[in-house]
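Based on the sequences and whatever the hints tell you, model everything.
Residue numbers (numbering that gives the first Met the number 0), protein chains in the order written: chain A, 0 to 484; chain B, 0 to 484.
It is worth saying that the hints were derived from the structure and are not from the lab.
One or more hints might be untrue.
Copies of one chain are not kept apart here, so a pair can be met inside one copy or by any two copies together.
Computed list of lysine-lysine pairs in DSS-like fashion (alpha-carbon distance at most 27 angstroms, straight line) [as the list claims (entries may be wrong)]:
id, residue 1, residue 2
1, Lys443, Lys456
2, Lys38, Lys443
3, Lys252, Lys344
4, Lys443, Lys149
5, Lys451, Lys369
There are 2 protein chains.
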Amino acid sequence: MVPVKPASRHVLDYAFYPGSIAVVGASDQTLSAGYHFLKHLLDLGYAGKIYPVNPKKDSILGVKTYPGLKDVPCEVDLVICCVSTDRVLPLLDECKIKNVKIVHLFTARLGETGRPQALELENRIKAAAERLGINLIGPNCMGIYSPESKISFGYGMPAEPGNIGVVFQSGGAAALLVQDCVLLGLRFSKVLSYGNAMQIDESDILDYLTNDEKTGVIAGYFEGVRDGRRFMMSLSAAARNKPVIAIKGGRGKAGTRAVASHTAAVAGSHNIWDTAFQQAGVVQVRDVDEMIGLLSLFNGLPPVAGRRVGIIGGGGGKCVIAADLAEEAGLTVPPLSTELKNKLKELVPSLWDWIGNPIDFSIWGDEAHKAAQVRQLLSEDPGFDCLLMHLSDDNPLDDEWWTAIVRMDVDNIIDLHRQKKKPVIAVLSGARPGYEDLRNIRWKTISEQRSKLAVAKVPAFDTTAEAVRALAKYVGYWERKRYNP
Amino acid sequence: MVPVKPASRHVLDYAFYPGSIAVVGASDQTLSAGYHFLKHLLDLGYAGKIYPVNPKKDSILGVKTYPGLKDVPCEVDLVICCVSTDRVLPLLDECKIKNVKIVHLFTARLGETGRPQALELENRIKAAAERLGINLIGPNCMGIYSPESKISFGYGMPAEPGNIGVVFQSGGAAALLVQDCVLLGLRFSKVLSYGNAMQIDESDILDYLTNDEKTGVIAGYFEGVRDGRRFMMSLSAAARNKPVIAIKGGRGKAGTRAVASHTAAVAGSHNIWDTAFQQAGVVQVRDVDEMIGLLSLFNGLPPVAGRRVGIIGGGGGKCVIAADLAEEAGLTVPPLSTELKNKLKELVPSLWDWIGNPIDFSIWGDEAHKAAQVRQLLSEDPGFDCLLMHLSDDNPLDDEWWTAIVRMDVDNIIDLHRQKKKPVIAVLSGARPGYEDLRNIRWKTISEQRSKLAVAKVPAFDTTAEAVRALAKYVGYWERKRYNP
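This is how it looks when you write it as structure tokens:
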């Protein structure tokens with residue numbers, strides 16, 4: 000917990016760095032949200048005071064439990080509210096007594112049901128909170144993941160912090176983002192899932208993350224906004240200060256309907272969102288998978304100077320397809336320069352006139368051991384802004400040689416990445432081995448190399464198509480930055 | 000080996016069902032092609048006569064070896080030629096003596112080098128073969144994978160046959176295709192990689208696969224053709240008879256250059272190819288990964304009647320994004336009909352008015368055990384032509400419950416798939432776990448379920464984006480079939 004003077008605290012400081020937390024509706028039922036939220040605090044090791052609230056229990060998960068919030072002996076910074084909708088209004092009165100700064104309403108089935116009664120209750124809750132001066136996150140959201148404070152809303156969310164700040168209207172999507180990113184070695188500063196945005200909204204959170212020095216990159220998922228003008232200001236300010244990668248959820252007819260029943264948001268015209276993202280300088284992506292790819296680029300790579308990519312490794316078919324995909328994604332795949340050709344003439348006299356970009360390694364035969372030197376030459380060549388590396392996993396060799404070559408490829412790629420001469424990304428294999436397949440030394444090797452690349456922070460993709468799409472958006476971001484610094 | 004009367008045999012029958020094979024340039028060096036080709040025959044259990052040819056060895060891998068092809072005591076159907084370019088012409092004369100029907104020239108560094116001398120030699124080889132009446136596959140290709148005959152050109156290619164026929168100009172890409180498909184339970188009838196297509200070309204192979212009753216689906220990768228008119232006829236005939244999924248390699252500037260140095264092909268205008276594929280009724284894909292997805296659909300699914308997709312499972316964010324991606328891919332995501340709503344009213348009175356398409360399972364709470372019944376209702380509903388199933392891998396539960404629910408999801412999906420009421424596809428998870436991550440029960444479970452779906456032949460994708468793109472192309476194929484039967 001970072002000590003901050005109360006007077007200077009932003010309301011969201013009480014969400015990310017609370018001194019005490021009450022879990023209202025805490026439970027020992029393992030299917031219950033009131034169990035999960037309490038368990039996460041204990042598992043991660045939240046260091047502040049924890050007050051489970053449940054009228055029927057003396058203790059839950061070994062923690063002394065209180066019949067009502069009003070019975071808690073001290074003031075409470077943050078309430079995580081897991082009770083049903085009819086119990087929220089009385090709880091807010093108790094919150095006032097305990098000087099609660101912020102309430103995370105996990106509680107759902109309000110506006111998003113589309114039912115008039117539920118919507119009316121949502122409005123009454125909002126009015127009560129405003130009258131009482133209590134801040135609300137949600138309702139209908141998973142809330143807070145703050146690794147520094149050891150607060151989490153999902154299993155498998157690590158205690159170790161990183162520099163990615165997340166503002167997601169969907170808690171499920173935020174959990175998937177975190178859990179999948181973790182596999183790539185990506186870590187988070189602060190994650191907030193904000194659901195129906197009854198009070199604290201996307202703009203509040205964006206502003207907070209923009210000013211948060213622990214946050215280096217912002218990932219956003221938005222289904223709708225109520226105050227478009229303010230959102231544009233917040234988004235533009237955020238994107239001026241750090242890379243912002245965002246998804247607009249509800250771009251089409253069915254998505255718009257789904258948004259209404261998910262967070263009661265009004266999706267708005269997709270064109271407006273496209274324009275807004277573009278004007279603000281946001282990197283727009285279409286789904287969480289694409290977002291993860293971009294985050295791995297912003298996490299692991301230096302800025303990129305242009306869109307000329309050198310493609311290295313794999314056989315002829317892979318090279319042809321990679322060249323096509325790269326150009327279709329908006330990158331350029333220039334031929335080798337005369338200077339580089341001359342250097343290759345010295346290094347591989349039998350091949351220099353035949354080699355191009357992409358560099359097909361299947362034709363190298365006896366010269367294959369020079370792969371590392373060729374990669375090094377391209378890395379130093381001023382004709383390329385970035386390098387895309389395929390593994391030679393299409394080499395036609397037996398298990399032993401195949402494995403040795405793939406491992407060498409990866410060591411070599413990691414070495415180039417560490418030199419930081421230019422951005423390097425890797426493509427491993429689009430295959431989807433099942434658990435039993437991993438007994439096979441080849442798939443086991445690919446899995447092992449994937450971990451090795453993640454530890455070294457080399458962005459690694461399963462397919463060339465994903466790799467070049469991500470790279471093209473990364474290039475687009477830095478191009479814009481050069482013209483609008 | 001299928002016995003066929005010699006008089007009625009197609010020349011490619013001698014490639015796929017040879018009675019005897021000579022591996023010329025056989026070797027005991029484990030980095031040598033002459034070692035691999037021989038080893039594959041032995042490993043898979045080729046039942047015909049095998050004659051390794053190498054002037055310096057008496058036996059290789061335990062098989063009696065001959066100094067020259069002319070020294071082989073019998074006639075030879077197929078020669079796999081692994082010697083260098085300067086030794087091909089004398090070999091062809093020996094082939095004539097041994098009544099060889101077809102020669103697979105693995106031998107490379109001919110036209111594709113772009114060097115005038117090599118090109119001239121390629122032309123002389125072609126002329127000699129024509130004069131001697133010998134058929135050539137290649138040069139510069141991996142050749143033949145014929146599971147029925149136990150002939151293979153790659154490690155990890157199974158002996159078990161299936162119904163996918165492959166005509167690939169690139170051998171490396173063909174090997175990747177086979178090896179990755181195997182993980183999904185897909186198997187092959189015949190695979191031919193044909194390289195520079197000096198003589199036997201894409202049209203010959205297409206015609207053969209069109210008439211091959213063991214082949215149910217054709218997968219093609221083409222870098223260029225010499226006789227466009229004949230190719231169009233062959234392609235159209237193939238696509239009239241069975242689904243054809245194809246990649247044009249060399250669509251852009253860099254890809255065209257890469258094609259020249261890969262197989263010496265002239266890539267041609269991409270527009271012409273687009274039009275050709277469209278006119279012929281070919282399902283065009285952009286890379287091998289996308290091709291694998293389509294093959295899994297054609298392999299596992301019944302025809303689809305239209306483009307209305309029901310999307311089921313996962314939480315709100317996942318549903319919103321899936322609806323967007325599906326519509327962007329050209330599918331429609333219709334609302335639930337009144338009839339279906341009425342059935343849901345009976346089944347889940349507390350939710351029926353709130354549920355839509357996609358069906359968000361995160362709101363089901365106490366009703367979650369009815370998931371299977373809801374899936375069944377959608378499967379029987381005339382308002383949907385196909386179903387896309389997400390796992391509830393975004394459920395916020397602990398390992399035990401999470402795993403139980405994911406397993407139930409998959410059992411349920413397999414059950415619906417078996418009922419064959421309409422095409423069902425699954426999306427598992429876009430995450431890329433490394434080897435160590437698979438110790439985690441969640442990633443282990445995903446890997447296990449992936450195998451289970453593969454065995455049950457349920458097409459399963461890592462991401463919703465790939466799933467809907469593949470599904471849209473599958474739908475397009477069947478739409479065209481209805482109008483052009």
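For each hint, the structure was consulted:
1. Taking identical chains as interchangeable, the C-alpha atoms of Lys443 and Lys456 lie at most 27 angstroms apart whether they share a chain (20 angstroms) or sit on different chains (23 angstroms).
2. In the homo-oligomer, the alpha carbons of Lys38 and Lys443 lie at most 27 angstroms apart only across protomers (23 angstroms), although the nearest pairing inside one protomer, at 34 angstroms, exceeds that limit.
3. For the identical chains of this complex, Lys252 and Lys344 are inter-copy neighbours only, at 24 angstroms across copies versus 58 angstroms inside a copy, given an alpha-carbon limit of 27 angstroms.
4. Taking the shortest Cα distances, Lys443 and Lys149 sit within 27 angstroms of each other only across copies (26 angstroms), while inside one copy they are farther apart (34 angstroms).
5. Only within a single protomer do Lys451 and Lys369 lie at most 27 angstroms apart by alpha-carbon distance; the minimum there is 22 angstroms, versus 42 angstroms between protomers.
When the structure is compared with the earlier hints, no violation turns up for any of them.
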